[in-house]
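Residues per chain, in single letters:
There are 2 protein chains.
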Amino acid sequence: MSVRVDLNISLDGFAATTDQTPENPFGDDWGRLTAAYVATRTFQQRVLGDTSGAGTTGVDEKYASEYFDNIGAEVMGAGMFGLHNFPDDPDWRGWWGEEPPFHYPVHVLTHRERPSIEFANGTVFHFLAATPEQALARATADAGGADVRVGGGVETVRSFLRAGLVDRLHVAIAPILLGRGVSLWEDLRGLEAGYDVESEGAESGVTHLTFRRG
Amino acid sequence: MSVRVDLNISLDGFAATTDQTPENPFGDDWGRLTAAYVATRTFQQRVLGDTSGAGTTGVDEKYASEYFDNIGAEVMGAGMFGLHNFPDDPDWRGWWGEEPPFHYPVHVLTHRERPSIEFANGTVFHFLAATPEQALARATADAGGADVRVGGGVETVRSFLRAGLVDRLHVAIAPILLGRGVSLWEDLRGLEAGYDVESEGAESGVTHLTFRRG
Chain A
56 MSVRVDLNIS
66 LDGFAATTDQ
76 TPENPFGDDW
86 GRLTAAYVAT
96 RTFQQRVLGD
106 TSGAGTTGVD
116 EKYASEYFDN
126 IGAEVMGAGM
136 FGLHNFPDDP
146 DWRGWWGEEP
156 PFHYPVHVLT
166 HRERPSIEFA
176 NGTVFHFLAA
186 TPEQALARAT
196 ADAGGADVRV
206 GGGVETVRSF
216 LRAGLVDRLH
226 VAIAPILLGR
236 GVSLWEDLRG
246 LEAGYDVESE
256 GAESGVTHLT
266 FRRG
Chain B
56 MSVRVDLNIS
66 LDGFAATTDQ
76 TPENPFGDDW
86 GRLTAAYVAT
96 RTFQQRVLGD
106 TSGAGTTGVD
116 EKYASEYFDN
126 IGAEVMGAGM
136 FGLHNFPDDP
146 DWRGWWGEEP
156 PFHYPVHVLT
166 HRERPSIEFA
176 NGTVFHFLAA
186 TPEQALARAT
196 ADAGGADVRV
206 GGGVETVRSF
216 LRAGLVDRLH
226 VAIAPILLGR
236 GVSLWEDLRG
246 LEAGYDVESE
256 GAESGVTHLT
266 FRRG
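Residue numbers (the numbering used here), protein chains in the order written: chain A, 56 to 269; chain B, 56 to 269.
The set of hints was computed from the structure by calculation and includes no laboratory data. Some clues are possibly wrong.
What the hints assert, rightly or not - Computed footprint of chain A on chain B, listed as stretches where at least three residues anywhere in the stretch have a Cβ under 8 Å from a Cβ of chain A:
#1 66 to 80
#2 221 to 232
#3 250 to 256
As the list claims (entries may be wrong) - Computed list of lysine to aspartate or glutamate pairs in EDC-like fashion (alpha-carbon distance at most 20 Å, straight line):
#4 Lys117(A) - Glu255(B)
#5 Lys117(B) - Asp105(B)
#6 Lys117(B) - Glu255(B)
#7 Lys117(A) - Glu253(A)
#8 Lys117(B) - Asp242(B)
#9 Lys117(B) - Glu255(A)
#10 Lys117(B) - Glu258(B)
#11 Lys117(B) - Glu253(B)
#12 Lys117(B) - Glu253(A)
#13 Lys117(A) - Glu255(A)
#14 Lys117(A) - Asp105(B)
#15 Lys117(A) - Glu258(A)
Said to hold, decoys possible - Sample of chain A residues at the chain B side, in silico, Cβ under 10 Å:
#16 Val102
#17 Ile228
#18 His263
By construction, the Cβ of each residue, glycine as well, lies at the ideal position given by its N, Cα and C atoms.
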């Protein structure tokens with residue numbers, strides 16, 4: 056069992072974007088940050104439901120196909136589930152409609168308890184007030200020997216990285232400079248200690264950097 | 056003729072370090088930032104004068120060997136030459152001793168005029184108060200059809216990048232988080248427009264990212 060993080064970041068380190076508007080709820084920056092990942096065959100199929108086989112098949116796809124590989128459970132922050140956007144809506148079921156791409160239990164860290172939400176495809180959202188260590192213990196039990204993902208957002212990932220709880224960190228670095236957003240790298244000086252690092256360039260110009268516990 | 060920049064940066068974007076002390080004038084961070092470059096055969100030979108053939112020969116060496124390739128002249132900031140450290144020493148001849156690794160004319164941007172300094176190996180330092188465009192015109196004339204390097208420091212490079220004067224930017228991204236220093240990426244949102252970007256990973260974990268004017 057290992058604890059994994061996979062994020063898309065810009066060359067200047069931004070993993071979350073801040074140019075959302077009511078008219079453009081994801082923002083242009085987010086589209087540019089994730090363009091190479093969205094273009095992959097895995098994303099087209101697993102997330103968008105396109106079974107035609109469309110999508111890129113190069114280095115980006117190799118990493119995309121590993122994204123859901125052997126993941127048995129996930130931990131995410133309240134913001135990633137949408138609880139900061141819809142704090143008072145008891146019927147909010149996440150951003151992903153009736154086919155969330157997880158297919159496994161997801162533990163959402165929040166101080167407001169809610170009943171769990173179960174989907175037909177195996178995705179179950181649980182809500183818990185817990186430390187990173189406690190949440191990880193719950194997810195590890197759920198994963199039954201498979202890996203656990205810490206999905207996001209950036210603050211949640213950073214808290215797990217700072218606590219030394221992540222075994223494998225994969226960042227897909229888009230070759231763009233956003234100049235604004237939430238930085239992944241703040242307060243993480245020396246993170247590389249204890250990790251082996253591998254760098255692989257994709258045809259898209261994206262760099263796939265993987266930190267693995269040595 | 057093209058205008059080139061080559062820099063070593065950390066994963067969090069720092070191209071100059073700030074932990075220098077009188078006892079450790081380069082600082083530990085600088086050593087970690089440049090370790091893979093210093094280890095190459097080209098650096099060992101061209102900069103340190105080791106002709107034994109020692110040094111790495113992989114992807115880092117491929118980029119190191121291109122570092123001095125077809126460069127006919129250089130522009131650098133006053134700080135890179137050392138004028139901020141030794142502003143009142145008329146005998147200061149740079150950090151590089153009597154064998155500076157340039158072997159071509161170098162134009163140092165400074166508001167205090169000084170006589171040029173000439174070395175036996177072809178290196179000549181000129182000092183001029185000029186805009187980036189004016190300095191580039193001088194260096195281009197000197198280069199005689201070869202490429203011109205903008206050597207550093209970070210502020211100088213950023214001023215050339217912002218002015219749209221750089222045709223090829225190569226950054227060697229060390230897989231380390233420094234958390235402090237001078238960032239290359241500040242105020243450069245959208246820099247990628249008009250460039251093709253190529254990413255290549257080295258055995259050391261360093262990523263070589265090259266922006267080429269499209």
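Taking 8 Å as the Cβ threshold, is the statement that the region 66 to 80 of chain B is covered by chain A upheld or broken by the three-residue rule? holds (count 3)
Would you mind confirming whether the straight-line C-alpha gap from Lys117(A) to Asp105(B) stays at or under 20 Å? Not satisfied, since the Cα-Cα distance of roughly 41 Å exceeds 20 Å.
Quick one, are Lys117(B) and Glu253(A) close enough, alpha carbons at most 20 Å? holds (18 Å)
Pairwise hint evaluation, Glu258(A) against Lys117(A), where the allowed Cα distance is 20 Å at most: holds (12 Å)
Does Asp105(B) lie within 20 Å of Lys117(B) when you go C-alpha to C-alpha? Since the Cα atoms of Lys117(B) and Asp105(B) sit roughly 18 Å apart, the hinted pair holds (cutoff 20 Å).
Can the hint on His263(A) be confirmed by a CB-to-CB distance to chain B that is less than 10 Å? This hint holds: His263(A) lies near chain B, its Cβ roughly 8 Å from the closest one there, short of 10 Å.
Given hint Glu253(B) paired with Lys117(B) - CA-CA distance at most 20 Å: holds (15 Å)
Against chain B, with CB atoms and a cut of 10 Å, does the hint on Val102(A) hold up? Violated: closest Cβ of chain B sits about 24 Å from Val102(A), beyond 10 Å.
Given the hint that Lys117(A) pairs with Glu255(B), does the C-alpha gap stay at or below 20 Å? Distance of about 16 Å is within 20 Å: holds.
Is Lys117(B) within 20 Å of Glu258(B), Cα to Cα? Roughly 12 Å between the alpha carbons, so the hint for Lys117(B) and Glu258(B) holds.
Three residues minimum, CB to CB under 8 Å: does the region 221 to 232 of chain B make the cut for coverage by chain A? Let me know. holds (count 4)
Given that the region 250 to 256 of chain B was listed as covered by chain A, double-check it with a C-beta distance under 8 Å for 3 or more residues. Check passed, 6 qualifying residues.
Consistency with the previously given hints fails for numbers 8, 14 and 16, ordered from lowest to highest.
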